[in-house]
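K.L.:
Keeping their order, the protein sequence lines are chains A and B.
Quick note, our numbering runs 126 ahead of the 1-based positions in the first sequence.
Quick note, our numbering runs 386 ahead of the 1-based positions in the second sequence.
Since the hints were made in silico from the structure, they are not lab data.
Mixed in with the good hints, there may be bad ones.
What the hints assert, rightly or not - Restricting the straight-line Cα-Cα distance to at most 27 angstroms, the calculated cross-link-like pairs of lysine-lysine (DSS-like) are:
1. 194/A x 616/B
2. 532/B x 483/B
3. 203/A x 608/B
4. 608/B x 160/A
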Amino acid sequence: MSNNYYDPSDLRKFSSITEWSEELGNKFFEYYGKVFEEGALTAREKSLIALAVAHVVKCPYCIDAYTKDGMQRGITKEEMMEAVHAGAAIESGATLVHGVQMMNKYNKLSM
Amino acid sequence: MSVTQSLKKRNNKLSETANQLELLSGGIFTNGELPTFRKKLESHGSFPLKPKQLEILQINVGYMCNQVCEHCHVDAGPDRKEIMTRETMEMCLEVIKSTGAHTLDLTGGAPEMNPDFRWFVEQASAIGVKDLIVRSNLTIILANKKYHDLPDFFKEHNIHVVSSLPHWTKDRTDKQRGEGVFDKSIEALKLLNHVGYGDPESGLILDLVYNPSGAFLPSDQKAMEQDFKKILAEKFGVHFNNLFALTNLPISRFLDFLIASENYEDYMYALVDAYNPAATEHVMCTNTLSVGWDGSLYDCDFNQMLDLKVKAPITHIRDYNEAILQNREIIISQHCFGCTAGAGSSCQGSVT
Ligand code: SF4
Ligand code: SF4
Numbered sequence: 127m128s129n130n131y132y133d134p135s136d137l138r139k140f141s142s143i144t145e146w147s148e149e150l151g152n153k154f155f156e157y158y159g160k161v162f163e164e165g166a167l168t169a170r171e172k173s174l175i176a177l178a179v180a181h182v183v184k185c186p187y188c189i190d191a192y193t194k195d196g197m198q199r200g201i202t203k204e205e206m207m208e209a210v211h212a213g214a215a216i217e218s219g220a221t222l223v224h225g226v227q228m229m230n231k232y233n234k235l236s237m
Numbered sequence: 387m388s389v390t391q392s393l394k395k396r397n398n399k400l401s402e403t404a405n406q407l408e409l410l411s412g413g414i415f416t417n418g419e420l421p422t423f424r425k426k427l428e429s430h431g432s433f434p435l436k437p438k439q440l441e442i443l444q445i446n447v448g449y450m451c452n453q454v455c456e457h458c459h460v461d462a463g464p465d466r467k468e469i470m471t472r473e474t475m476e477m478c479l480e481v482i483k484s485t486g487a488h489t490l491d492l493t494g495g496a497p498e499m500n501p502d503f504r505w506f507v508e509q510a511s512a513i514g515v516k517d518l519i520v521r522s523n524l525t526i527i528l529a530n531k532k533y534h535d536l537p538d539f540f541k542e543h544n545i546h547v548v549s550s551l552p553h554w555t556k557d558r559t560d561k562q563r564g565e566g567v568f569d570k571s572i573e574a575l576k577l578l579n580h581v582g583y584g585d586p587e588s589g590l591i592l593d594l595v596y597n598p599s600g601a602f603l604p605s606d607q608k609a610m611e612q613d614f615k616k617i618l619a620e621k622f623g624v625h626f627n628n629l630f631a632l633t634n635l636p637i638s639r640f641l642d643f644l645i646a647s648e649n650y651e652d653y654m655y656a657l658v659d660a661y662n663p664a665a666t667e668h669v670m671c672t673n674t675l676s677v678g679w680d681g682s683l684y685d686c687d688f689n690q691m692l693d694l695k696v697k698a699p700i701t702h703i704r705d706y707n708e709a710i711l712q713n714r715e716i717i718i719s720q721h722c723f724g725c726t727a728g729a730g731s732s733c734q735g736s737v738t
């Protein structure tokens, strides 16, 4: 076992999770595959959404996977960075909107 | 990283093909992590790989090139002196007359740099080859005054032009093919368009080859073609016929890049993971024969660059005998996983 929590080579072993729970693992991968198929959204659009979410959940495996996926699809670095900003904006917005709660509480406690 | 000399000129360890083959057979392929290409074929009942009907004769007229692309599997460049003589071209013409192959595919290096290139094209065109392909790197058209009339020359002989463009953005293209290549390629494409290439009405075919500018596999050829068509037309007013998506094979300069950038293992995993048995049925070596600059025969252009001559009693174009060659076994190694990944990859793009 490695001495780090994250090992890049673990990403390619992802499918081995089925070994300890075949049914759930297979169901997950089937669902996952279906989600990223061309649908009402294009596979390209979904790839960018996945990249933004990967940053928000801060998953290094997903960031590696969807950077590569984007490059494979010919997505440009400008598009990728804008997607990351979209994720970051929502994440910081989610923090900041709680500022209203703080203000409410502050006002309530004040004379 | 930008390269300006071939591996050979730099005395890079990988310029020795034996070292490439050793690398491709060792490591993850001997410690049991990944199956070898042979094992993979065996498990699908496809071993040994045998040629079918010969359809395409691919002739490499020399390794000299005006560019030094980072991914080049030929290790081509201005410093490469290997060049096909007219005598060898004559032998090729004799074979073209006698085989049922419908396509002649001229490649290099930059084939146009061979001093007998035009003569060869004129002769081949006079024989009446159905599909006469020239793999032109585009920038050659602008490289020197003597090449400026190439679009007209191509048109005159109804050449099917196939050219590389790894991306519609300057940075991705220039990273792979060299500083300034994107702008010059667009200019050259406009010149080809100007004489009628890429116009569906003209019958003059201009196809583009997309190969990834990095350690990743190409995605769906049709989707890429739509993106390329839309953006090249909107941004540059450039038109072309088809886009072929090619996988970079882990040999020569691309192999050197994979190792230097520590992407080799991941890339090999990706290729093996994407193994598609259906693509195996149509790999290029099953309908193509590759001729080297000195007339030697190979299963494909990649095997040529690995110095793997055909495994047959005949290994030179002067002794060409279709029946004997058809009977051979194709030489394989782990680089072949590049031809069978996903939708498959050949000089004609996806194979499935
Ligand atoms: S990839 Fe083509 S254009 Fe680039 S160096 Fe090799 S032969 Fe020349
Ligand atoms: S690399 Fe050559 S020999 Fe190997 S599968 Fe591809 S075309 Fe055939």
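K.L.:
Compare the structure with each hint and give your call.
P.N.:
Each hint tested on the structure:
A C-alpha spacing of about 23 angstroms is found between residue 194/A and residue 616/B, which places the hinted pair at or below 27 angstroms, so the restraint holds. A hinted pair counts as satisfied when its Cα atoms are at most 27 angstroms apart, and residue 532/B with residue 483/B does not qualify at roughly 30 angstroms. Straight-line distance between C-alpha atoms of residue 203/A and residue 608/B comes to about 22 angstroms, which keeps the hinted pair within the 27 angstroms bound. Restraint check for residue 608/B and residue 160/A: the C-alpha separation of about 20 angstroms stays at or below 27 angstroms, so the hint holds.
Figure legend: structure checked against the earlier numbered hints; the only hint not met is number 2.
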